[in-house]
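A.B. asks: Here is what each chain is made of, one letter per residue.
Protein chains: 4
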Amino acid sequence: MKTLNIGLIGTGFMGKAHAIALKAAPTVFSLPAFPVCELLAEVNDELAAHKATELGFTRSTGDWRALVEDPKVDVVDICAPNFLHKEMALAAIAAGKHVYAEKPLALSAADAAAMVEAAESSGVKTLVGFNYIRNSATQLAREIIASGEIGELVHFRGRHNEDYLSDPTSPLDWHTCRATAGAGALGDLGSHILNMAEFLTGQHIVEVFGQLQTVTARRPLPGNSGGFGEVENDDHAQALLRFDGGLIGNIETSRIATGRKMGLAYTVTGTRGSLVFDQERMSELQLYTSEGPEGRRGFRTLLVGPEHPDYAAFSPAAGHGLGYNDQKIIEIRDLVEGIVSGKPLYPDFHAAWRVNRMIDAIEASHVEGHWTRV
Amino acid sequence: MKTLNIGLIGTGFMGKAHAIALKAAPTVFSLPAFPVCELLAEVNDELAAHKATELGFTRSTGDWRALVEDPKVDVVDICAPNFLHKEMALAAIAAGKHVYAEKPLALSAADAAAMVEAAESSGVKTLVGFNYIRNSATQLAREIIASGEIGELVHFRGRHNEDYLSDPTSPLDWHTCRATAGAGALGDLGSHILNMAEFLTGQHIVEVFGQLQTVTARRPLPGNSGGFGEVENDDHAQALLRFDGGLIGNIETSRIATGRKMGLAYTVTGTRGSLVFDQERMSELQLYTSEGPEGRRGFRTLLVGPEHPDYAAFSPAAGHGLGYNDQKIIEIRDLVEGIVSGKPLYPDFHAAWRVNRMIDAIEASHVEGHWTRV
Amino acid sequence: MKTLNIGLIGTGFMGKAHAIALKAAPTVFSLPAFPVCELLAEVNDELAAHKATELGFTRSTGDWRALVEDPKVDVVDICAPNFLHKEMALAAIAAGKHVYAEKPLALSAADAAAMVEAAESSGVKTLVGFNYIRNSATQLAREIIASGEIGELVHFRGRHNEDYLSDPTSPLDWHTCRATAGAGALGDLGSHILNMAEFLTGQHIVEVFGQLQTVTARRPLPGNSGGFGEVENDDHAQALLRFDGGLIGNIETSRIATGRKMGLAYTVTGTRGSLVFDQERMSELQLYTSEGPEGRRGFRTLLVGPEHPDYAAFSPAAGHGLGYNDQKIIEIRDLVEGIVSGKPLYPDFHAAWRVNRMIDAIEASHVEGHWTRV
Amino acid sequence: MKTLNIGLIGTGFMGKAHAIALKAAPTVFSLPAFPVCELLAEVNDELAAHKATELGFTRSTGDWRALVEDPKVDVVDICAPNFLHKEMALAAIAAGKHVYAEKPLALSAADAAAMVEAAESSGVKTLVGFNYIRNSATQLAREIIASGEIGELVHFRGRHNEDYLSDPTSPLDWHTCRATAGAGALGDLGSHILNMAEFLTGQHIVEVFGQLQTVTARRPLPGNSGGFGEVENDDHAQALLRFDGGLIGNIETSRIATGRKMGLAYTVTGTRGSLVFDQERMSELQLYTSEGPEGRRGFRTLLVGPEHPDYAAFSPAAGHGLGYNDQKIIEIRDLVEGIVSGKPLYPDFHAAWRVNRMIDAIEASHVEGHWTRV
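Protein chains in written order, with the UniProt record's numbering: chain P, 1 to 374; chain H, 1 to 374; chain C, 1 to 374; chain R, 1 to 374.
Extracted from the complex, chain P is given alone in its bound form (with noise of 0.2 Å):
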């Protein structure tokens, strides 16, 4: 059988997720080419090598760059920090490498185009770790909108709000730092919902009037050393949209919505139904439809089975639930496709890019205070 050699950079969560994911895809899905942990990049050689213990990886290094060069490598899959992704991108797609990334792709438009760019003239295959889109029930809302079920679409409404933050003395970190973030809220957690927007509905987003606040100025400073510093992105931001297909819609994100632990949430509207989804419960999709009695209408709670995209690899019996991780072992199977079979990959960098596009457009009509085209 044939294989594909993986090099993955970075082992946070998100680094452990893509090697769980790693590991299951095969037995999961009936893939093209068996996806192998061959080399795992941590910023030392000692943490590189417990992590590929821990991971399953065969071999590791201490220097990104030795992986990304690797001769046996075939996908460098980017999972270190958001600051790196461009770097990382680039050395990887000069050494004629695929790439998979971690969203957000890069901290700014003007970045994720030259990473675009460098791609699209080097022909390597890329895609972007948006994973919450390849959840079944997700997948079972785009296809609803686009077989017309619901009808025309007149509104979208989405969130996407976690509450890392929502203690105010909790301390600076990564997140709030804009040379290693970018946007705040809006690009940790606002781009999954944006990303989402443009899936589900089948448009593309073209113009935002956003609105942005920091809403706790200054935090501790890690550490204990009693002293304050600034925080430089948004804690919190929401933003009106225009779609090219004459929708308009909302969303709003938040790093600081007290409660919400994984607060993705959607509903779309047309003239025929609606679907309410909560990524709080992912293994469910509300649907509602103008059909039948007036009296006998409602949100139906459909539950994922074998009927609905991909999950019957997981189980052939409805009910029984997807989790986290299984959206990753989905998100390989579509990597693993799209390089070894060709299908096309999406979010790859170019509709990636577009997300970042969307960031800095809501961030730039924020200031200027009208709206701005993406």
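None of these hints come from the bench; they were simulated from the model.
Virtual Cβ for every residue (Gly too), placed ideally from N, Cα, C.
Check each hint, because a few of them may be wrong.
[To be verified] When the alpha-carbon atoms are kept at most 35 Å apart in a straight line, the in silico DSBU-like pairs for lysine-lysine are as follows:
no. : chain 1 : residue 1 : chain 2 : residue 2
1   : C       : K343      : H       : K72
2   : R       : K343      : R       : K125
3   : R       : K343      : P       : K2
[To be verified] To give an idea of the interface, some chain P residues facing chain H are shown, with a C-beta separation under 7 Å as derived from the structure:
no. : residue
4   : V43
5   : Q213
6   : T214
7   : S274
8   : H370
With chain P held as given, fit chains H, C and R onto it using these hints.
C.D. replies: Just chains H, C and R now, with coordinates in the frame of chain P:
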């Protein structure tokens, strides 16, 4: 016992709800005066007489001006179509009557201003029927916010979405015509959520940026003529908000939100907790607080009970549930206490005028494309 | 207009609910006679006079026997403690009055039988206040079942759980004493769910096997004497059921179900669909049907609306919600129509006697350890 | 690193789930030995070879006896049909292998007893795949109960309802035949909820009273012969329960519960709180506690997070959700730790035997019509 004689104008949905509430209120609450269903006006004598029997009023008239000037009437209760509110209220005030009017107060802020001025110079008492703020669960929400239990407020999200014009083949009616309705969804339903935003937060909305859309521009004429006419106001609208206390937020309102029947809902986020409410489950409030060990935190469902505002008058046992008309019963209690005992009435014409000003500002910002002061 | 003079005995929780409903019903519904709040009885003249003013009754008396024999009273409405139901009902029947009594009808099937016999030989009309069956959502459930929309019934599951004695240090009261309450949770709450089971399925429960338990055998005496006394009836009970149509099922009832406030809930399963209802969300019904493609099936939330039984009288718009007292308003409509227009009254004393027989059979089966016929 | 060689028999639903979990477990958890997918058995060589490739096993065989005796195999993992469990397990034990078997352990308590005896006299380790008890939310429930947070337990209510035979025209299959399945819904699904009841409460069920019913007595023969045959076991069953700690409870199980897909659910009531769980929303647990002011109490939704058992290995962030297969990954961790590190394995054959004894006692009580000891 003291009495307060009510003259009701209009017997549609709201007129009947007022009548039911007037009948039940003195038994539910201990009132400082007994509200008497004295006189009812409809468009002609016959209908008025019929409705008076049906709704339990002593006398009736086909001429609302006669009602307004009737010496026995203490309070003019206006449940007539919105476009008549101004004329009726001004006449009632001129006759020295207290005025209890349904929302929205007027079709424009200018009209509302005239009504406020008249009421204030005459000294009569006024109340506008934004009944959802009287629901026990929502009064509880305000109490929780005001007490600081969820910390400093950081965000308000609200919507009032329904689907009564979701079907694009539904004909034109008074809702779709500017002369009879003023703004569309924004006036009819958005008025509730804008009032709610200020009621809950205890802050004023000072600046707005709105977007309106008429999705179905032309609809069949009423009757079966086969002809079509123009829809003159918004099918749905959304706005970003700035409050005077620093809070930001957004609202959404729609009459084409397929599947939503009584879709008023809000999420209020504070630094130490959050509240989530949905009027379709009007007897429960979701509360999250950042208290206790992390692993035991979650949104909890508070069922309204005797510890909560005004519930015990309806039932001594928790969870038994209030209904739509119970909100009106509370409103009647407030009306009677406001007039007879001098308790402050909220929202009186002055507070309701704010709602008209917010609607106008949202419309203006939509046209002009920039933030607009209320 | 015809009138129907009501004599109310007892002004606790239920007495007030009856009074509210009597006041509102003629405005909500078009009734064949106007129910007049004529006479009110309480334990002494002073309290009776005070309550008559509060609840809006014309006259009052400290002697319930005087009420029963008052020539102007057409209907004796018994909201007195359960242990008095029998004596009062027999006196009322003897005086030729119609009787409207709160549930449970009696403390035992033998007592109930005597009441049935008296009522039937005298020819007066009777109605027992199992109000939960009048809720629109539950009437809708019955309609769906009766129409065959969910196929042949295969299973009934019901519970009525509350937590009013959940705290083991709550003192003894009338609920815990056999002479005043008869059975414990089974009589107070179980009576509702047993009646509901027959109402919904349209079948009779013919055989039961029950289990009762008194979890807290001794509780503090009322007052602060420091003494303890014995609890004389069940804290919770459960039973397996056989229906005459072949259906099986089970019920559960508790007064120590920590967290449950109005925990009446049922699931009715048929060969082609299912219904799920929870009284704590009394204005919605979950419906599943095996229709349409597998991937689009799910429990749907029906919000009560004008297409559903009795809802339109309260509101012309769906989703606005009924409350606890609205159920009583519907009950009053049924009472008046039953007495004045001769519509069948359900549950009359005869039907309510069944509930007492089921309770007795559950208790007997518990003692004897085998299936027991009702 | 140490290895543990797995020999898998059977590659249906459960076989694949085991394979996925075996692949992912070493990356999710830090294991004391690496589980190697060594040998796979299916009904013939060809299918076995095909499945070995598909599921990632090194070798394959068409003869399960060869697998059982293969010297490299350390653990025999039985995912074959239930009626083969006994023969396979006895052979594996005779060959000195540890046994990991799917539930139910056997078709009867007598069979299970023989298996227990063999395992105990040989000293091999055993584990039975009641995977739902490994879900983080359910482990959390056990933790909360064990810690006394909800006080003394007073009631257990559980169900495991599905609808895979809801359609009366579904043909006969292995589920409906006593020789292949033993009990019907009671054996297939009831086994889970009975095991769950003991796991959660930490108490043994000592006495039961059950009721079984075969609603659809005859079903079409498989294939399209047009013939019909008899269903030999229960379509649904219910039982009242007595636990050795004084607790009472009831369970319900069904394969004809129209609309239920993965309908395992429980409510555990204590003197100071309650827990409610539904496997269709497997990543959340509802907790009520009688703490704080009355007006702030309610069931709260705990989303599983890193503070809860085993969750952090999958994700460091709360609310991201576990899926069905993640339960099996936790089970593999327990298997490996039990065998390699000597941690107690639960439920081993001995504990699983209890489930068979409970099933048999429920069936016996149904036939004999009285309480039956387990």
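A.B. asks: Work down the list of hints and note, for each, if the structure agrees.
C.D. replies: Status of each hint after checking the structure:
At roughly 41 Å between alpha-carbon atoms, K343 of chain C and K72 of chain H are farther apart than 35 Å, so this suggested pair is violated. The suggested pairing of K343 of chain R with K125 of chain R holds, with an alpha-carbon distance near 10 Å, which does not exceed 35 Å. Distance hint between K343 of chain R and K2 of chain P is unfulfilled; the C-alpha atoms sit about 40 Å from each other, more than 35 Å. With its C-beta approaching chain H no nearer than about 29 Å, V43 of chain P sits outside the 7 Å limit, and its interface hint is violated.
With a cut of 7 Å, the hint placing Q213 of chain P at the interface with chain H holds, because the nearest CB-to-CB distance is about 5 Å. With a least beta-carbon distance of about 11 Å to chain H, the hint placing T214 of chain P at the interface is violated under the 7 Å criterion. A distance limit of 7 Å between C-beta atoms decides the matter here; for S274 of chain P the minimum to chain H is near 4 Å, and the interface restraint holds. The beta carbon of H370 of chain P comes within 5 Å of a beta carbon in chain H, closer than 7 Å, and the hint placing it at the interface holds.
Checked against the numbered hints given earlier, this structure breaks hints 1, 3, 4, 6; the rest are met.
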